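In order, the protein sequences belong to chains A and B. Heads up, the final residue of the first sequence is numbered 280 in numbering that gives the first Met the number 0, and it's a clean run with no missing numbers. Heads up, the final residue of the second sequence is numbered 115 in numbering that gives the first Met the number 0, and it's a clean run with no missing numbers.
Any given hint might turn out to be false.
What the hints assert, rightly or not - Quick list of the computed label-pair ranges, beta carbon to beta carbon: (1) B:E4 / A:E159: 36 to 42 Å; (2) A:G243 / B:N99: 34 to 40 Å; (3) A:P152 / B:K78: 28 to 34 Å; (4) A:R241 / B:E64: 39 to 45 Å.
If you're looking for bench data, these hints aren't it; they were derived computationally from the structure. Being a predicted model, the structure only gives us computed values, none of them experimental. In this text, a Cβ means the ideal position worked out from N, Cα and C, and glycines have one as well.
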Amino acid sequence: MPSWFKKVFSGDAAKPKKAAPKFEEQGTVITPVSTPPSIDSPALGKPDTAAHEEEASKQRKIVNAPILVPEEEQSSWSDDVRIKAQVEAEGTTCKFLVDRPVLDGLSAWFPSAQWAGEASQLAAKLFDVEGVGSVMLHEMTFTIGLADGNTRPWEDLAAETGSVVREFLKNGDDIVSPAFRDNLPPVEEIKTKVQACIDLEINPGISGHGGVVTLERVTGNSVYLTMGGGCQGCAASAITLRQGIHTTFRKAVPQIGGIFDETDHTAGTNPFFKELPAGMS
Amino acid sequence: MPKLETFTLEIKTGTNPGPEKPHFSINGFPLQFEEVEGTTEPGGTMNLMGETHSFPHSLALAGPENDAPDWDIESVSIKYFCAGAEPYTINLGKVTLDDNSDLNIWHEAPPVMFDV
Chain A
0 MPSWFKKVFS
10 GDAAKPKKAA
20 PKFEEQGTVI
30 TPVSTPPSID
40 SPALGKPDTA
50 AHEEEASKQR
60 KIVNAPILVP
70 EEEQSSWSDD
80 VRIKAQVEAE
90 GTTCKFLVDR
100 PVLDGLSAWF
110 PSAQWAGEAS
120 QLAAKLFDVE
130 GVGSVMLHEM
140 TFTIGLADGN
150 TRPWEDLAAE
160 TGSVVREFLK
170 NGDDIVSPAF
180 RDNLPPVEEI
190 KTKVQACIDL
200 EINPGISGHG
210 GVVTLERVTG
220 NSVYLTMGGG
230 CQGCAASAIT
240 LRQGIHTTFR
250 KAVPQIGGIF
260 DETDHTAGTN
270 PFFKELPAGM
280 S
Chain B
0 MPKLETFTLE
10 IKTGTNPGPE
20 KPHFSINGFP
30 LQFEEVEGTT
40 EPGGTMNLMG
50 ETHSFPHSLA
60 LAGPENDAPD
70 WDIESVSIKY
80 FCAGAEPYTI
90 NLGKVTLDDN
100 SDLNIWHEAP
110 PVMFDV
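Sequences are here, hints too, so could you generate the full structure?
Okay, structure coming up:
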């Protein structure tokens, strides 16, 4: 059984996280900078500069242990296509995990049936399902967004879309057309244009909130980024990503498929979340 | 993010022992466990209970300190008790902590998934 299979069907989609926030007392203001004060530290309010400098040079790192999958959740290959659905937090999208590649090495995003057109027969078929408003295909997943005004329950909609994908994959038809693949710009071109968007539009716009977006990499036509500074841990970062960043990137490069935020919103040197000094609320 | 009220840990130590009395940190602030039973000697099992009553942006089990030997952890079972939600358990596998590392023990409840 391939190792990714256990992971996909274990509910463990988490990647190793970066270092968690560290806090250091500086006068009366606690800022997340370095090593946490020792549990034996007798006087948090009296910083020892030399000691703190020494401590700051020895930051502790947070490590992750593998999450074990219960035996009953493990599966094996079968002729049938296994699909699991996971309604995402806001309830407007549902991500489907498939036990085999849907679109290997690429991603494809279709905001309407018109976009799907002849680019992807699978996406076009999914748009025939009542309630489907957008389709994203990526690696071993596909994500369905609800159409405006849809009242159909996810269980119902997910079952139908799952059947469409299952049948399509069994038939072995091409997920996207050759023309779709041929029209994809080179990775370097996507990188250059996305970086320009970040430098000229996005970062100047969010710098007022102390935020910063960094392009991590482009794989195929998928863009991976991290959000730092004030964006990290901010409850509104998902909205910023979806309404601001997605729109800007796709305007610059319409062939971009998935845009993924790899930020660990619980860690970093200046997360949005900060502890306030004692007495403040 | 759920509000974590309390959590319990069952730590099985491998070949190298761990701290006599481990502690944890939530959002970077170190705290002692409320209940500690058992041992972190090689092959031993320790059960701990921590109280947080807070929203865990980070939750970490502190590793060895100040040049203490590495701690071989065979497995960790964590049970989370969050406000307004059913308790859930996450099981972690082998990991070794040195005197410069802590173990991430905050994992949100696995997403609810269903077959289609």
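Do the hints match the structure? See the list:
Under the hint 36 to 42 Å, the C-beta atoms of E4 (chain B) and E159 (chain A), about 40 Å apart, fit the expected range. Remark: the range hint 34 to 40 Å for G243 (chain A) to N99 (chain B) is upheld by a beta-carbon distance near 38 Å. At roughly 32 Å, the beta-carbon separation of P152 (chain A) and K78 (chain B) lies within the given 28 to 34 Å, and the hint holds. For R241 (chain A) and E64 (chain B), the hinted distance range of 39 to 45 Å is satisfied, since their beta carbons lie about 43 Å from each other.
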